[in-house]
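J.: In terms of the working numbering, the sequence shown opens at residue 19 and continues consecutively.
Just so you know, these hints were derived from the structure itself, not from any lab. Keep in mind that a hint or two might mislead.
What the hints assert, rightly or not - Dumping the calculated DSSO-like pairs for lysine-lysine here, alpha-carbon to alpha-carbon at most 27 Å: (1) 39 / 72; (2) 391 / 534; (3) 534 / 496; (4) 354 / 553.
Unchecked claim - Distance ranges between label pairs, derived from CB positions: (5) 516 / 424: 22 to 32 Å; (6) 388 / 253: 47 to 57 Å; (7) 407 / 496: 46 to 56 Å; (8) 342 / 46: 51 to 61 Å; (9) 35 / 340: 23 to 33 Å; (10) 516 / 344: 45 to 55 Å; (11) 531 / 62: 25 to 35 Å; (12) 342 / 550: 24 to 34 Å; (13) 354 / 324: 47 to 57 Å.
We treat Cβ as the ideally placed atom computed from N, Cα and C, and that holds for glycine.
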Amino acid sequence: MLPLFFSPFERLPIPSPKDPKTVFHNPNGTAGDIRYYEIEIKEVFKQIYPPPFKKARFVGYDGMTPGPTLVQEKDTEAIVRFINRGDRASSIHLHGSFSRSPFDGYADDVTEVGQYKDYYYPNRQNARTLWYHDHAVDHTAENAYYGQAGFYILHDDHERSLNLPSGAYDVPLALAARFYNQDGTLWDPEANEEKTSVHGDVIHVNGAPWPFMDVEARKYRFRTYKIYMELESKPGIPLPFTVVGSDTGFLEKSVSSSDLYIGVAERWEIVIDFSDYAGKNIIVKNTPGIAADNDFAGTDRIMQFRVGSSDTVTDSITGNGPVPSALRTVDYPPPKTGIDHSLVFQQDGGLWNINGATWSTGAAHPELRVLAKPKRGSIEIWELINKSGGWSHPIHIHLIDFQVISRTGGSRGIQPYEKVALKDVVWLGPNERVQVIARYQPWDGVYMFHCHNLIHEDHEMLVDFNVTALADFNYTEKTHFIDPMDPTYRAKPILSNEYVDVLTWGKGEFSLEGVKNKTDWFASLEAYRNYEEVKANLEQYWGRTTLLKQVLGSMTWEATFSTRTVRPGTLATLPEIKHRKTFSKIYKIWAEL
């Protein structure tokens, strides 16, 4: 590998926000509009090491690494057309969104080179840091490693009411590690048959190795992917910061910390007050010796903050006040007992698997990789068990937000900032057992869960769960989106006489009229229109079901039929029933479900 640069040598790049190509009024009459974007997957060459080293080849969204940031407002829906001009198949997952199944980036739902696919996103959740990235079967690690990832940030009114740092003081930080060849080109994990992990020796932040950022002596908010910080003049003494957000948005309350455990694909939001460090440099550090990671000479350093003098602060008011203690009311799942699914993450025969199942297990029979079938809106506890030796696994469950309720068997418990958060990724350390609880809502359909070490994912640690429909759910939905491979929503070929580029209107499907027609059709499906209503109806349904179970469980009645005893749950026609009054009450509840 190439020699390292031990001092910051490039200014931190901030991924530029991408404007929609056009905005349409939502014909459903909902509050927000529908924003339409086009993003092209294409190669780009970047000079990572200075000449005479060669430029490194990447393949990114709009030729950027990371890709452009998509900034959204809650309740304003989005259609993003991804156009594949890259070198291999792609599938796009909007990580942190409860997208309908055909728009979730299912691994087999690929867009081949020369095709495009329209992804329809809800933006109905609370403010949070999402990110979009590749999810194509067998090539997710390669595509993401070469640059196919970008921020997708959702804002809402509640976020603004907290008066946290915003605008130029709200900075996304995407962390990654890569290897480079002796000539300066990017080392290829797939060509080198890497099957465990890529512990790169060059740390990147927003695509730049070991960058620096000039900051004012005031508060900043960072959205970042175990890090800690120390003064360059006082190494070994961690500096405090405040954790305010997780994968799913704001914590219940802010948490002061001096370090942060962070696994692949986790997002944490922190506020740093630089006012006490005017005129000084701060190093963001990476704790060595975590799990099975290989450590190199420069991987303990991430980036540098260069703090300006106190008299150079341009805005000491906006978003620079005290960080609120209470941040939001978190919608935790109600407690329950019993483990619904135990899921063992391990390696066997060179393949990473979950309970012995792999993605290719379901190549001919997809049902074989469906390891859980929670009913829509139900609450389940899953126990995640690491039996793969010294390896760790960041586990991502699509669709849902979950709560971490137990961590045993390893060297740490639930971290203070985890206790007040909902998550969509949890770091499963060596020998750990982690329990998570979640409501499996709002939609039914087939979704994935997997290890987010993408090398592990590509080598089969990827399976499905099926949120099953409720036969007696008394709520009508216009369109069902059960099958992630529904041909209605699959990728289509790019016709050379229609597509020009992402800035220019073309013909046919790529004309303004063609896009308007497609947008109207998407809106007519009412995929996300009634989200709050669906959620309320599901909670009402399960509230009644729980009440019925409680009533049945508290009864000592029995009905005699011939010589057998029929107990609650067998509501048959019975000739002799004791406690008839109670039975009528139970039956009324049952009939209303």
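J.: Each hint: holds or not?
T.: Okay, the hints, checked on the actual structure:
no., hint, result
1, 39 / 72, "violated (35 Å)"
2, 391 / 534, "violated (37 Å)"
3, 534 / 496, "holds (21 Å)"
4, 354 / 553, "holds (19 Å)"
5, 516 / 424: 22 to 32 Å, "violated (54 Å)"
6, 388 / 253: 47 to 57 Å, "holds (51 Å)"
7, 407 / 496: 46 to 56 Å, "holds (49 Å)"
8, 342 / 46: 51 to 61 Å, "violated (35 Å)"
9, 35 / 340: 23 to 33 Å, "holds (28 Å)"
10, 516 / 344: 45 to 55 Å, "holds (52 Å)"
11, 531 / 62: 25 to 35 Å, "holds (32 Å)"
12, 342 / 550: 24 to 34 Å, "holds (25 Å)"
13, 354 / 324: 47 to 57 Å, "holds (50 Å)"
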